[in-house]
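Colleague: Just so you know, the protein sequences line up as chains E and P, in that order. For the first sequence, this note's numbering gives the first residue as 1, with consecutive numbering after it. For the second sequence, this note's numbering gives the first residue as 1, with consecutive numbering after it.
Worth double-checking, as some hints may not be accurate.
[To be verified] Residues from chain E that face chain P, not an exhaustive set, calculated with beta carbons under 8 Å:
#, residue
1, Leu389
2, Arg397
3, Leu400
[What the hints assert, rightly or not] One-sided excerpt, in silico: chain E residues whose CB lies under 8 Å from chain P:
#, residue
4, Gly376
5, Val377
6, Glu385
7, Val392
8, Phe396
9, Leu401
[Claimed, not checked] The following label-pair restraints were derived from C-beta to C-beta distances:
#, chain 1, residue 1, chain 2, residue 2, range
10, E, Ser110, P, Leu129, 36 to 42 Å
11, E, Arg420, P, Leu129, 45 to 51 Å
12, P, Leu129, E, Ala359, 21 to 27 Å
13, E, Ser450, P, Ile198, 37 to 43 Å
14, P, Leu147, E, Asp371, 29 to 35 Å
The hints are simulated quantities; they were obtained by calculation from the structure and are not laboratory data. Built from N, CA and C at the ideal position, the CB exists for glycine as well.
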Amino acid sequence: MEATDSRSSALTVDPSDHVPGGHPLLLRARDITKQYGGTRALDGAELEVRAGEIHGLLGENGSGKSTFIKVLAGVVAPDAGSLKLFDDDVSFPLAPGESHRRGLRFVHQSLGLIPSLDIAENLLVERFALARRSGYIDWRRFYDDAAELLDRYGLKLDPRRPLAELAPIDRSLVAIVRAVATGTEPDHSAAPRLLVLDEPTVFLPRGEVARIFDMLRGLVASGAGVLFVSHRMDEVREYTDRVTVLRDGRNAGTRVTAEVDDSALVRLIVGSQVTPSSAGLELADEHNATVVEVTGFASKSLRHVDLSVRSGEIVGLTGLAGSGYEEILYGLFGAHTQATGTLNLHGRELALRKHTPRAAIAAGIALIPADRLRDGVSGTATVEENLTLNVVGSFFRTMLLRRRELRRRAGELARDYRVRPPNVNLTVDCLSGGNQQKVLLAKWLVGEPSLILLHEPTQGVDVGARADIAGFLQRLASSGASIVIASAEYEQLASLCTRVVIFRDGRASSVLEREDVTKERILSECLRGSAQFAGDQEGGSS
Amino acid sequence: MTITERVETPDVTPDQRGRRPRLIGINGPSLERIALPMTFLFVIVLFSVLRPQTFPTSANVSSILSSQAVLVVLTLGILGPLIVGDLDISAAAVAGLSAMLVVILTANHHMNFVLAVVISLGCACLIGLVNGILAAVMGLDTLIVTLGTGSLATGITAWISNNNTITGLAPTLVKIVVTDQLWGVSVEFYYGLALCLIVFYLLRYTPLGRRMLIVGQAREVARLSGINVNRVRIGSLVFCSAMAGLAGILYAGTSGAASATGGAELLLPAYAAAFLGATTITPGRFNAFGALIAVYFLATGITGLQLLGAQNYVQQIFYGVALLLAVTVSSVIRRTPKPAGP
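Only chain E is shown next, with the shape it has when bound in the complex:
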């Protein structure tokens, strides 16, 4: 298994590309650089797409994929770099609508469709916006045109059906047809020549994704190109002609898909640097009793999941976006109405179907949700009001809320959890993300919960606060609490957890323990197409 030299190939597109028969270049981006504050989202990124190919774009979270797509769409102006679209050199910043005018089309993960309208209205929505001639709409022609469009792309759908009735796969197909058809004049003067798909398959059942690629194949056969951005390595491998991997804002390599194997791709994605594993963590949990047992958990996207956590243990849950692993947290807390199964916590049995946040709190469970300012803290309330919300009742004695004691307690908590600035009268929305997260943690940990559920606990949190938060969690675990972290930040899971459960296709597909808990192993387990690859991965990185 050869290690890929990522540095030398970082700045040049692999010259060994042999796309069939010298097809014309559709897009060439060079040296695209974009800096946000102190971080470089893009650092000389390169990409080439040719006519007639489906080109995959891979990379982990934060590798710069999104920023790159935004640059192409003209949403983000890069600090430096050059772009050639078809035969023209394009200068940055792109004018609004320029990439569209030049024949680029985008389909984003959210699809941008309007569920309350019917298919035809979604497909031809721009006609409403552009109806310059008169206010009159010829409805018969409108639906005939929509039907003709659907027919041209092989979709057997009634254009009058409300979009909301469609299966997710059909919605994606409608979104693609719309992208391809939008702005196309009858004389094909502005026909799309490059379609960019930004993770359109994340929420789709695996078996149905092939239909999307059937449609894309037809498109590229007519001379267009497709740039397919994805997390899912198996799809990229199955359906693309070439693949470019971004890492840390650079091009880590472009390969002909048929000539590269899974492990080489994983190495391109994560690089060859050694990341810390949890092997060095104190395994205080080795002989501790199992105190949390979840059996038969099912929710919107999960089924039949069993999970047990010992006291003092930090367990990670992860998977690709859309695999639904975070639903366990919300289900165990009673925040998720569709969850079923049972939770046994310190010998107490709880049925999740009728579970509520109130009962969860009473049972000693705390939830640190990912959407901090919507679910976690009230931005317009003060630090004190947020910190003490869960315990405010105990400060109500002889008919009076002991406001001074409450303030003192809040001040202590803010100090203990290193909230900066330590003024508890500030509203939470003027704190930084990291300090908001500390407020949220302190609010829940003050109740001394025995099971702590965290969803993306360091999302949008600066480096210093990250270290603080990791420290709080380790201290909690060593005092005997059970901690479950659901996160897509593999490096963080690797540094905090002694066990990581990887979810795929609605089930817990594999478990990594102790020295196997490394960023590389987690990533390759997440990306693994199916069980057939088991065993051919390297065991931990060099």
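Here the structure of chain E is known, so what remains is to put chain P in place on it, guided by the hints.
Modeller: This is chain P only, laid out in the frame that chain E set:
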């Protein structure tokens, strides 16, 4: 639902955003806190200078204090839903219905006034319960729900009164609302003051006040913190209607009668006072004493203008302008500079 799709690592860490620090509570910006009371003082001095014979008299002071008790009680009522994030616009109509009920029951049916009061308040609470169930349990928009129940209450008022003004309220009730005086002011003023103290206590010195605040500011946070959001919202709407019912009884007691359209004119002043009150004492938050001060500030301004010879319509103009000014000021207080994003 609480499940949200994960997004890629943010491009900008929130630390880099420039935000103006905002304080609430004892260290709050003091100028904001005293702006309304200072304006109030200024208005009093101004009118005292302009109309020394009529404005600064004990009769005028007594009249302003007692005549506004109805509005004080109604304003305190709508504070409840406002704090938990709901707008109850049925309150004035409920006050009108309650006033009409208590007059009809005592005048036409010669009912004992205590029983009549209990029945009136019961009806008011029932409307609040309907509001609460439709808004919180069924998840309908509170504004629309209370628009409907308000119209319903107005219609019933006109119906049971045959579109007439009904007179002949039990004299005892008139006596204990307006005739009895303490230090030269009708007792109804002290009822309003007492209710203001109770609301102040509930909001500031009980855990309920804190929980209501969070329900209003971040409903999902409240739910995930184990607060029974529906119960808090229903409770607030029932409280609001009960207070509206009380306001209606004071209204009937003050005039000894009830008109078929009575009460409706109180809705706007109540909202103007509630929002104006939120700019003072604890700026940015609806609060009881702020509302009380705002009610009397508005009434004083209007009385002064009328003494200067202004026509009746000055009321509407004054209340309207005050409401707009108050929400503008609150919004400026709340506004924090948006980060200059990429």
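Colleague: Decide, hint by hint, whether the structure agrees.
Modeller: Now for the hints, and whether the structure bears them out:
no. : hint                              : verdict
1   : Leu389                            : holds, 5 Å
2   : Arg397                            : violated, 11 Å
3   : Leu400                            : holds, 5 Å
4   : Gly376                            : holds, 6 Å
5   : Val377                            : holds, 6 Å
6   : Glu385                            : holds, 6 Å
7   : Val392                            : holds, 4 Å
8   : Phe396                            : holds, 5 Å
9   : Leu401                            : holds, 5 Å
10  : Ser110(E) - Leu129(P): 36 to 42 Å : holds, 40 Å
11  : Arg420(E) - Leu129(P): 45 to 51 Å : holds, 46 Å
12  : Leu129(P) - Ala359(E): 21 to 27 Å : holds, 26 Å
13  : Ser450(E) - Ile198(P): 37 to 43 Å : holds, 40 Å
14  : Leu147(P) - Asp371(E): 29 to 35 Å : holds, 32 Å
Violated hint: 2 only; the structure is consistent with all others.
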